[in-house]
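S.K.: Sequence:
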Amino acid sequence: MSDLENLTAEERERVQMRREIIDDLDEEFELSLEDDAAGLGGPDAEDRAFRRVYFRELIRLQGELIKLQDWVQATGRRVVVLFEGRDAAGKGGAIKRITQRLNPRTCRVAALPAPNDRERTQWYFQRYVAHLPAAGEIVLFDRSWYNRAGVERVMGFCTDEDYEEFFRSVPEFERMLVSSGIQIIKFWFSITDDEQESRFRARMNDPLKQWKLSPMDLESRKRWEAYTLAKEVMLERSSIPEAPWWVVQGVDKKKARLNCISHLLSLVPYEPVSHPEVVLPTRIFHPDYERQPTPDTMIVPELY
Numbered sequence: 001m002s003d004l005e006n007l008t009a010e011e012r013e014r015v016q017m018r019r020e021i022i023d024d025l026d027e028e029f030e031l032s033l034e035d036d037a038a039g040l041g042g043p044d045a046e047d048r049a050f051r052r053v054y055f056r057e058l059i060r061l062q063g064e065l066i067k068l069q070d071w072v073q074a075t076g077r078r079v080v081v082l083f084e085g086r087d088a089a090g091k092g093g094a095i096k097r098i099t100q101r102l103n104p105r106t107c108r109v110a111a112l113p114a115p116n117d118r119e120r121t122q123w124y125f126q127r128y129v130a131h132l133p134a135a136g137e138i139v140l141f142d143r144s145w146y147n148r149a150g151v152e153r154v155m156g157f158c159t160d161e162d163y164e165e166f167f168r169s170v171p172e173f174e175r176m177l178v179s180s181g182i183q184i185i186k187f188w189f190s191i192t193d194d195e196q197e198s199r200f201r202a203r204m205n206d207p208l209k210q211w212k213l214s215p216m217d218l219e220s221r222k223r224w225e226a227y228t229l230a231k232e233v234m235l236e237r238s239s240i241p242e243a244p245w246w247v248v249q250g251v252d253k254k255k256a257r258l259n260c261i262s263h264l265l266s267l268v269p270y271e272p273v274s275h276p277e278v279v280l281p282t283r284i285f286h287p288d289y290e291r292q293p294t295p296d297t298m299i300v301p302e303l304y
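In full-length UniProt numbering, the protein residues as written are 1 to 304.
Watch out, some of these pointers could steer you wrong.
To be verified - Ranges of calculated distance between the beta carbons of each label pair, as one might list FRET restraints:
1. Thr121 x Trp211: 43 to 49 Å
2. Leu218 x Ser239: 28 to 34 Å
3. Ser239 x His275: 33 to 39 Å
4. Tyr304 x Phe157: 44 to 50 Å
5. Asp162 x Ser274: 48 to 54 Å
6. Pro301 x Leu267: 45 to 51 Å
7. Thr282 x Thr121: 57 to 63 Å
FYI, nobody ran anything at the bench for these hints, they're computed from the structure. The structure presented is a predicted model; accordingly, all values stated were derived computationally and were not measured. Every residue gets a Cβ at the ideal spot worked out from N, C-alpha and C, and that includes glycine.
All chains, full assembly: derive it from the sequences and hints.
M.R.: Right under this line is the structure:
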């Protein structure tokens, strides 16, 4: 007999709520393991103290993100957030924490692969336009049209004419989006040379992370200075009043996530949205209904 069967309905509800909260916290700890796996041992006392602050603040900020999501849905706003930066700078981790508790139908991630042969013949921005939000949606671009100003420039995947045309077009493209009612927020995640090398080495030695280390990532180590120059040019030539760049200091992953989410929230004028009280309907019972047993051959083996 389950322990819950001896409790009142109110007590069962409290226990279930506590289990849900603990399950969420377990998920947070699971996501945080990657931060310590490549270290030289467990976290020291200072790290443990900040970890408590981190989880408390992260959950608080995620609660605010839910309010932002509700406001975007209620008002029909359209929000685009671009995440750019060095390889291994922490963009993916920040995106995970932003989307973790949000409705994927409202807040979705666009992470486009390299263009195919057909897409290379299109207007450069065309394949990104297809992923822009409709009313009541938020889209997070895990890398964006700024690939042309970064990896394509450094790796020689575009011509000088393509590169210059991009900088002529991108301010007008973004102003057009903003004038149509789309808010654009652009984050650049910055880390040091030493920190990137450390994270790359951690990925090399971790079988759970090796998939993150692509040949393009390895090539970026050789071209650190070229990527630095490309970034400096990009920030100077494409930060406009309608869509400025915001630089996130990413050496400390946890602080970078909190700072990014906090700043994102500060840029959107969201307000709490009132909701009608949710009432759980009474289940309808039919005396002639009899639940049929599930065949044993369909049952997933309970190995745990």
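S.K.: Look at each hint and say if it fits the structure.
M.R.: Hints, one by one, checked against the model:
1. Between Thr121 and Trp211 the beta carbons are some 30 Å apart, a value that contradicts the proposed interval 43 to 49 Å.
2. Under the hint 28 to 34 Å, the C-beta atoms of Leu218 and Ser239, about 30 Å apart, fit the expected range.
3. Taking 33 to 39 Å as the suggested C-beta distance range, the pair Ser239 and His275 conforms, at roughly 38 Å.
4. The supplied range of 44 to 50 Å is met by Tyr304 and Phe157, whose beta-carbon atoms lie about 47 Å from each other.
5. Checked against the hint of 48 to 54 Å, the pair Asp162 and Ser274 passes, with Cβ atoms roughly 50 Å apart.
6. The hinted range of 45 to 51 Å is satisfied by Pro301 and Leu267, whose Cβ atoms lie roughly 49 Å apart.
7. Checked against the given bound of 57 to 63 Å, the beta carbons of Thr282 and Thr121, roughly 60 Å apart, stay inside it.
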